[in-house]
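Student: In case you want the letters, here they are:
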Amino acid sequence: MTMELPHSLSLIRPSEKARLSAHRDDLRSEPKAVRIVIVGVAVTFLCIFVVMPLVVVFAQAFSRGIGAYVAALGNPEALSAIRLTLLIAAISVSLNLVFGLVAAWAIAKFEFPGKTFLVSLIDLPFSVSPVISGLVFVLLFGAQGFFGPWLASHDIRLLFAVPGMTLATLFVTFPFVARALIPLMQEQGTQEEEAAISLGASGLQTFFRVTLPNIKWGVLYGVLLCNARAMGEFGAVSVVSGHIRGETNTMPLLVEILYNEYQFVASFAIASLLAMLALITLVTKTILERHLDEGRQSHDN
Amino acid sequence: MTIEVRNLVKKFGEFAALDGVDLRVADGELLALLGPSGSGKTTLLRIIAGLDWPDSGEIFFDGENALLRKAGERHVGFVFQHYALFRHMTVFENVAFGLRVQPRAVRKDEAGIRARVKELLDLVQLDWLAGRYPSQLSGGQRQRIALARALAVEPVILLLDEPFGALDAKVRKELRQWLRSLHQEINVTSIFVTHDQEEALEVANRVVVMDKGRIEQVGTPADVYDNPSSAFVHGFIGESIELPVDVADGGVKLGGTRLDIAADGVRPGASRLFVRRHDMQIGPSGAGVLEGEIAHVRNFGPVQRAEVVLSHGKTVIEIDAPRDRALRPGETVGLNPRRYRIFTA
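Chain order of the listed sequences is A and B. Under this note's numbering, the very last position in the first sequence is 301; numbers go up by exactly one each time. Under this note's numbering, the very last position in the second sequence is 345; numbers go up by exactly one each time.
Extracted from the complex, chain A is given alone in its bound form:
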């Protein structure tokens, strides 16, 4: 049996109830109009500065149909640029992976004089304009540069060749892996390593069995960002490349050259590859960030 309270007994009338709950809603958030304006501004901004350029890139690339797009990418010059970009990225990412790991390890797990200086030094490539970074290498290794005469006399060619471009990319992308790992490793502390060592593990065993598994998502995250920058770098590479067609042009450099020559389809076809790289990076980054958060949560109090 159910009992119903007569309406007169209910302390608050339904209409009043609705008003009260609406009122409470208002207290918890901004008025509707304000919310619409804020969200609207954000969406408009995103559309103009992110979505539209992306759409334009693909629209231009396919403006003469898929055939022209494929032909543009199959051009020997384009293929050579893609190969060179992949080569430089592969070398600089793997070297920076090692450098980044070593630097982060040293900074997070040890105390030594000059540590703060080293930390700010790691950020240097972020704070210097890429063009300046490239110029530094020209000043060092160019014909009139510091090491120039010595290099020339030994017949070693760094500038306007792959080694110089790799060096410039290395410099510009150095901070990514180290930056991703330092806060993670600092947060994790040294206790697990100490536990491993006191259990008889060697330095290498400790690194591969304890340290590396704990930071693997951070490593992937750093590598991903490092790779995106290595493939997309324009300024520093442009200064040291010399723009020798079919030899020292990477994808971003080729995009500019083709554009200046009014070959819009070819130019945007290559640009579309870089845009796709950006999209893939973005998705992977989101997935990795989720794993990184999980790693943090399982961290002991």
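Hints in this document: simulated from the structure, not taken from any laboratory. Keep in mind that a hint or two might mislead.
[Said to hold, decoys possible] Quick list of in silico lysine to any residue cross-link-like pairs, SDA-like style, CA-CA up to 25 Å: (1) 216/A x 131/B; (2) 70/B x 189/A; (3) 173/B x 42/B; (4) 11/B x 216/A; (5) 109/A x 135/B; (6) 70/B x 129/A; (7) 216/A x 58/A.
Bear in mind that the values here come from a model prediction, so they are computed numbers and not experimental data.
Got chain A sorted already, so can you dock chain B onto it with the hints?
Tutor: Relative to chain A, chain B alone:
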């Protein structure tokens, strides 16, 4: 395994964490290092384990110089305050770690490792957690797994750094008794660090009281409680009433008034009088060494705690009295120390 520490010194910059420490630990002992934070107890433990190195001094395990050996070669099991379990490994793999990283010549085969891990998980009564990850365990369970992991490689010495420091009060109490009985079972020379005197006195065979990088006293729990060797130990262990007094002409004076107690051979000058709260007897007014007025009584629990304002100098002291005599606020009483100690200030 016996441990001998000789004149150990360790400085962090200007701060002397250890300032000349000498200590002998007998085989099979369960020793507590007790002291306030910053007293150097954890530093001493880490140096014995090989996780830190002293600036000077020596350590011997069974007469052999331990400082010549790296941490991994000392066969020391170390248990950390925050467990330091390998978070990406299951409980089983955590315990198996020490066995898996052994040199191939002495390493057990997979079946041997499984059997040993099973045995250890049984020992800490957590075999049903083998497949879980550390993040899925409670604090008490994690610490027991950390202990099992340390025991896996059959250490000759077991070192525990504030093993129960991160646990709540109830779990702490259970684990205390459990650790004591476990030590009786495996009988490995063990040292544990704590800042909790109750823990030290209840669990250890012997207690080492440390302060400011020095050892203040070494003794059985009864020793350090009943016969503290310094003002610091008396103040740190147990709850004491402490009064500033003057020793002159073989007598003791509190604020100019002579007290009817002997100076016990303490040098003349400014001194401190220590009495345990439960050693201060409350009697009728006019018949005590001290005189005071009861300000407040808290009468629940096994004893009643009275706040007494002393007539000399209006100092407030707290006394634990048996519950057979009703105390009323406002009442003037006489106080007689059953036992007391005087230390030069």
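Student: Hint by hint, say whether it matches the structure.
Tutor: Hint check:
Between residue 216/A and residue 131/B, the direct Cα distance comes to roughly 22 Å. Compliance with the 25 Å bound is thereby established for this hinted pair. Pair hint residue 70/B plus residue 189/A holds up; C-alpha atoms about 21 Å apart against a cutoff of 25 Å. Distance hint between residue 173/B and residue 42/B is fulfilled; the C-alpha atoms sit about 21 Å from each other, no more than 25 Å. Pair hint residue 11/B plus residue 216/A does not hold up; C-alpha atoms about 36 Å apart against a cutoff of 25 Å.
Taken as a hint, the residue 109/A and residue 135/B pair is honoured in the structure, with Cα atoms around 23 Å apart against an allowance of 25 Å. Only pairs whose Cα atoms come within 25 Å are accepted, and residue 70/B paired with residue 129/A is rejected, the gap being roughly 47 Å. Straight-line distance between C-alpha atoms of residue 216/A and residue 58/A comes to about 35 Å, which puts the hinted pair past the 25 Å bound.
Checked against the numbered hints above, the structure breaks hints 4, 6, 7 and satisfies the rest.
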